[in-house]
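Visitor: Chains A and B, in that order, give the protein sequences. Under my numbering, think of the first position of the first sequence as 1, with each following residue one higher. Under my numbering, think of the first position of the second sequence as 1, with each following residue one higher.
Calculated directly from the structure, the hints in this document are not laboratory data. Just so it is clear, CB atoms sit at the ideal spot from N, CA and C, and this is done for glycine as well. Possibly wrong hints are sitting among the right ones.
Straight-line distance between alpha carbons at most 20 Å, and here's what the computed SDA-like set of lysine to any residue pairs gives [claimed, not checked]:
| no. | chain 1 | residue 1 | chain 2 | residue 2 |
| --- | --- | --- | --- | --- |
| 1 | A | LYS33 | A | HIS161 |
| 2 | A | LYS380 | B | ASP171 |
| 3 | A | LYS291 | A | VAL273 |
| 4 | B | LYS126 | B | GLU213 |
| 5 | A | LYS101 | B | LYS126 |
| 6 | A | LYS174 | B | LEU231 |
| 7 | A | LYS379 | B | ASP165 |
| 8 | A | LYS379 | B | ARG175 |
| 9 | A | LYS60 | A | GLY236 |
| 10 | A | LYS380 | B | ARG174 |
| 11 | A | LYS55 | B | ASP165 |
| 12 | A | LYS174 | B | PHE204 |
| 13 | B | LYS194 | A | ASP99 |
| 14 | A | LYS44 | A | GLY236 |
| 15 | A | LYS174 | B | ARG175 |
| 16 | A | LYS318 | A | ARG357 |
| 17 | A | LYS174 | B | ASP233 |
| 18 | A | LYS177 | B | ASP193 |
| 19 | A | LYS174 | B | CYS230 |
| 20 | B | LYS194 | B | GLN224 |
| 21 | A | LYS101 | B | GLU180 |
Derived, one-sided and incomplete: chain B residues facing chain A with beta-carbon distance under 7 Å [as the list claims (entries may be wrong)]:
| no. | residue |
| --- | --- |
| 22 | LEU98 |
| 23 | PRO101 |
| 24 | SER124 |
| 25 | VAL146 |
| 26 | GLN152 |
| 27 | ARG175 |
| 28 | SER179 |
| 29 | MET182 |
| 30 | HIS183 |
| 31 | THR195 |
| 32 | ILE202 |
| 33 | PHE204 |
| 34 | LEU209 |
| 35 | MET211 |
Covered stretches of chain B, as calculated for chain A (at least 3 residues, CB under 8 Å) [said to hold, decoys possible]:
| no. | segment |
| --- | --- |
| 36 | 47-57 |
| 37 | 105-116 |
| 38 | 126-133 |
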Amino acid sequence: MTIPVEALMRKKETFDRGEDRRALLDPRAELLKLEEQGEIVVQKIQGDVVTAPTKFGLEKRIQKGHLWHHKSCGQCGHIPGYSTSIFWIMRKLGYDYHDPKDQTSCTAWNYYASATSNSAAQAAVAVRNFAAAAETGYFPLIHCGTSYGHYKEVREELIHHPQLRAEVRDVMSKLGKELVFPEELVHYSEWLYAMRDEIAALQIRDVSAVKVTVHPACHYYKLVEGDAIFDPDVYGGQRTAVVTGLAQRLGADVRDYSTWFDCCGFGFRHILVQRDFTRSFATQRKIEVMKEEADPDVVLTHDTGCVTTLDKSQFAAKAHDRNVGVAVMSEAQFAALAMGAHPYKVCQLHWHSADYRPMLEKMGIDWELAWAEFQEALKKLDSGEKRFLDWDDVDE
Amino acid sequence: MTETATSHYKRPDVAGYAEVPYAEKERLFSEVKEDMRFSDYLYGCYECGICVAACPSARFYDFSPRRIAQAAAREDVELIYQQMQEDIWECSQCFSCLRCPRGNNPGGIITIMREVAINNGLASAKQAMEGYSRIIYKIMSTGTQVSPDMLQADAFPDWGPETADVSANLDLWRRALPSETMHTTNTGWDVADKTLVELYLIWFHTGALDMIEEIDQGLHAILQEVMEECLEDEGIEL
Ligand code: SF4
Ligand code: SF4
Chain A
1 MTIPVEALMR
11 KKETFDRGED
21 RRALLDPRAE
31 LLKLEEQGEI
41 VVQKIQGDVV
51 TAPTKFGLEK
61 RIQKGHLWHH
71 KSCGQCGHIP
81 GYSTSIFWIM
91 RKLGYDYHDP
101 KDQTSCTAWN
111 YYASATSNSA
121 AQAAVAVRNF
131 AAAAETGYFP
141 LIHCGTSYGH
151 YKEVREELIH
161 HPQLRAEVRD
171 VMSKLGKELV
181 FPEELVHYSE
191 WLYAMRDEIA
201 ALQIRDVSAV
211 KVTVHPACHY
221 YKLVEGDAIF
231 DPDVYGGQRT
241 AVVTGLAQRL
251 GADVRDYSTW
261 FDCCGFGFRH
271 ILVQRDFTRS
281 FATQRKIEVM
291 KEEADPDVVL
301 THDTGCVTTL
311 DKSQFAAKAH
321 DRNVGVAVMS
331 EAQFAALAMG
341 AHPYKVCQLH
351 WHSADYRPML
361 EKMGIDWELA
371 WAEFQEALKK
381 LDSGEKRFLD
391 WDDVDE
Chain B
1 MTETATSHYK
11 RPDVAGYAEV
21 PYAEKERLFS
31 EVKEDMRFSD
41 YLYGCYECGI
51 CVAACPSARF
61 YDFSPRRIAQ
71 AAAREDVELI
81 YQQMQEDIWE
91 CSQCFSCLRC
101 PRGNNPGGII
111 TIMREVAINN
121 GLASAKQAME
131 GYSRIIYKIM
141 STGTQVSPDM
151 LQADAFPDWG
161 PETADVSANL
171 DLWRRALPSE
181 TMHTTNTGWD
191 VADKTLVELY
201 LIWFHTGALD
211 MIEEIDQGLH
221 AILQEVMEEC
231 LEDEGIEL
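Isolated chain A (complex conformation) (with noise of 0.2 Å):
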């Protein structure tokens, strides 16, 4: 049998153009009635917000300060400065927060790697962790870009579908927990764009040498593309502004390339079972292009997988003599580096593999002063001083 012609006339008729996904009714309006009609619990914004405009206009809310940190098994796990430089800035900012034993993974590396999960599980695990949020009265933010893009997926979902709102409150009835959803999905980018002027107040390194190039995180802006962060004096609004905003505030040399578009090469199981896709992807179409084009002294971007990607991928590359060896790194790294940050008590930078150190000598930062005193922290555990160093620790 080939194409069944019935099939195609049968499409003619059911075929709904529906409503466009760009015009889509403001989620936060949504939940609000959701609630309001007594199914969920939206957990509001409180306190200081800063305000800021998304790709179709709606403004988004950013929570300033009181925030639960939604962790990245990615960036705990393998780049621990990502998370670690987070919580650093926000420490120095002075704004308050807590960070939960009480918090799973968002699971979505897995389910866009292999699938084992479903609709009803991977909305009721960003429910559950919803709910532990607001048990402490503190309002999520969002540290990996896919747990971000999936929770917006899974926003969509739960609104659209009564069917699937019912099984996760059943599934959470068997938990004593209650269908909770923040009013806003905030990624920590958009906390560090929101926060890019208090920022740079703090800042007391020149990084105006380092030329720097964006790669923009697909899960964060092309999925549910209207929730993501635009803003007509970055790129003129055609691109998402977060990290290239807070690199310009810090006064970088941001430069441009011609495959900003494309993804990194991730594949969420080609990172893990089949790696010479991703590789040769991060090295062809992003980092060779990026050297040849901008040339620059660091790659920062926004999330865990491509952080991992255009890092790791570079060493084999070079065995090959491809045009590679740029630094990679978060903007929220580079950031906290700006502000003063250590780079190895702080930054964790000896976690990546793309070499880091000419970029922070372009910072005026002696590395290898910095080592040592690294090495002079450790013998504190080496000693059995402290089993652990702690936030006065690598403040010294």
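Guided by the hints, dock chain B with the ligands onto chain A, whose structure is given.
Guide: Chain B with the ligands in isolation, oriented as in the chain A frame:
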């Protein structure tokens, strides 16, 4: 069925996966269509190829999100079956194809097709899970997907000598982190026991755990035992 009618699909002897009756292919596609997300992900297809231009996997594999959207729109169950046995695991799930001017989500259709492939224990799903099961074990049993102790030189030889440095200094470097929740080596952060119990209940009650049984019975048995023991300790009966 004539040779001409099937000539643009792979012949069973070269396909590398089992041929099944047409009715079975129809049944698999009906599972895809029944997913509540399907009607939000497909509105027909202009066949314009914009999604292909944006797609990283299309650059490196014989893979095309346009073909996925077309096959689904035409309800071409033969091609859809072939895609479920071959193409879907090549997608990077980056969702660059959301650029589609028709409002389609080819990557999302693939997510659904993958779920159906897993639920039905298709050969492609089993093959895709080879070498991946330890990750499923990690995420479902500990609540974090990747852990610091996975960074070992023999697991990531292409990531450079820094991986070996991390592995050699793992415990010390984790204790040097100023964040109180991040001193762990076998999970991304310290997940509370109560939280894990709640996660296990989610896997049980949503059927996510059952999905593993179709593709890896050994892994399923281990996960089930770990979770049941934990829930029993908490006095929770399923
Ligand atoms: S989600 Fe899959 S099909 Fe879509 S652009 Fe990415 S790799 Fe291609
Ligand atoms: S971009 Fe959309 S309409 Fe164009 S080929 Fe791809 S799925 Fe079809």
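Visitor: Taking the hints in turn, state whether each one holds.
Guide: Outcome of the hint check:
1. Our distance criterion of 20 Å between C-alpha atoms is met by LYS33 of chain A and HIS161 of chain A, whose separation comes to about 14 Å.
2. With a CA separation close to 14 Å, the supplied pair LYS380 of chain A and ASP171 of chain B stays within the 20 Å bound.
3. Among the hinted pairs, LYS291 of chain A with VAL273 of chain A is inconsistent with the structure: their alpha-carbon atoms are about 27 Å apart, more than 20 Å.
4. Straight-line distance between C-alpha atoms of LYS126 of chain B and GLU213 of chain B comes to about 11 Å, which keeps the hinted pair within the 20 Å bound.
5. For the hint pairing LYS101 of chain A with LYS126 of chain B, the CA-to-CA distance comes to about 34 Å; that exceeds 20 Å, so the pair is violated.
6. For the hint pairing LYS174 of chain A with LEU231 of chain B, the CA-to-CA distance comes to about 13 Å; that is within 20 Å, so the pair holds.
7. The straight-line distance between the Cα atoms of LYS379 of chain A and ASP165 of chain B is roughly 17 Å, inside the 20 Å bound, and the hint therefore holds.
8. Restraint check for LYS379 of chain A and ARG175 of chain B: satisfied, since their Cα atoms lie roughly 12 Å apart, inside the 20 Å limit.
9. Distance restraint check for LYS60 of chain A and GLY236 of chain A: the Cα-Cα separation of roughly 18 Å lies within the 20 Å cut-off, and the hinted pair is therefore satisfied.
10. Our distance criterion of 20 Å between C-alpha atoms is met by LYS380 of chain A and ARG174 of chain B, whose separation comes to about 14 Å.
11. For the hint pairing LYS55 of chain A with ASP165 of chain B, the CA-to-CA distance comes to about 43 Å; that exceeds 20 Å, so the pair is violated.
12. The straight-line distance between the Cα atoms of LYS174 of chain A and PHE204 of chain B is roughly 11 Å, inside the 20 Å bound, and the hint therefore holds.
13. Restraint check: the Cα-Cα separation between LYS194 of chain B and ASP99 of chain A comes to about 16 Å, which is no more than 20 Å; the hinted pair holds.
14. Restraint check: the Cα-Cα separation between LYS44 of chain A and GLY236 of chain A comes to about 32 Å, which exceeds 20 Å; the hinted pair is violated.
15. Taking the CA atoms of LYS174 of chain A and ARG175 of chain B, the gap is about 36 Å. The hint is violated against a cut of 20 Å.
16. Between the alpha carbons of LYS318 of chain A and ARG357 of chain A the distance comes to roughly 17 Å, so the proposed pair stays at or under 20 Å and holds.
17. The straight-line distance between the Cα atoms of LYS174 of chain A and ASP233 of chain B is roughly 17 Å, inside the 20 Å bound, and the hint therefore holds.
18. Our distance criterion of 20 Å between C-alpha atoms is met by LYS177 of chain A and ASP193 of chain B, whose separation comes to about 17 Å.
19. Our distance criterion of 20 Å between C-alpha atoms is met by LYS174 of chain A and CYS230 of chain B, whose separation comes to about 16 Å.
20. A threshold of 20 Å between alpha carbons decides the hint, and for LYS194 of chain B with GLN224 of chain B the separation of about 18 Å falls inside it, so the pair holds.
21. With a CA separation close to 10 Å, the supplied pair LYS101 of chain A and GLU180 of chain B stays within the 20 Å bound.
22. At a threshold of 7 Å, the smallest CB-CB gap from LEU98 of chain B to chain A is about 5 Å, leaving the interface hint in force.
23. Look at PRO101 of chain B: its Cβ only gets to about 10 Å from chain A, farther than 7 Å, so that hint breaks.
24. Annotation: SER124 of chain B was flagged as interfacial toward chain A, and the flag is violated, the nearest CB pair being 11 Å apart, outside 7 Å.
25. With 7 Å as the threshold, the beta carbon of VAL146 of chain B comes within range of chain A, its nearest partner Cβ sitting at about 4 Å, so the hint holds.
26. About 12 Å separates the beta-carbon of GLN152 of chain B from the nearest beta-carbon of chain A, more than 7 Å, and the hint is not met.
27. Taken as an interface hint, ARG175 of chain B checks out: its beta carbon lies about 5 Å from the nearest beta carbon of chain A, inside 7 Å.
28. Hint on SER179 of chain B holds. Least Cβ distance to chain A is approximately 5 Å, under the 7 Å limit.
29. Given hint, MET182 of chain B at the interface with chain A, holds; its Cβ is 5 Å from that chain's nearest Cβ, closer than 7 Å.
30. At its closest, the beta carbon of HIS183 of chain B sits 6 Å from a beta carbon of chain A; the interface hint therefore holds under the 7 Å criterion.
31. Among the interface hints, the one on THR195 of chain B holds; its C-beta lies about 5 Å from the nearest C-beta in chain A, closer than the 7 Å criterion.
32. For ILE202 of chain B, the interface hint holds, since its Cβ comes within 7 Å of a Cβ in chain A; the closest pair sits about 5 Å apart.
33. The beta carbon of PHE204 of chain B comes no nearer than 9 Å to any beta carbon in chain A, farther than 7 Å, and the hint placing it at the interface is violated.
34. Hint status for LEU209 of chain B: violated, given a least beta-carbon distance of 9 Å to chain A, over 7 Å.
35. The interface hint given for MET211 of chain B holds, since its Cβ lies 5 Å from the closest Cβ of chain A, which is under the 7 Å cut-off.
36. Interface restraint, the segment 47-57 of chain B with chain A: holds (3 residues with C-beta to C-beta distance below 8 Å; minimum three).
37. Counting residues of the segment 105-116 of chain B whose C-beta lies closer than 8 Å to any C-beta of chain A gives 3; at least three are required, and the coverage claim holds.
38. Closer than 8 Å: that is the beta-carbon criterion, and the segment 126-133 of chain B has 5 residues meeting it against chain A, so the requirement of 3 holds.
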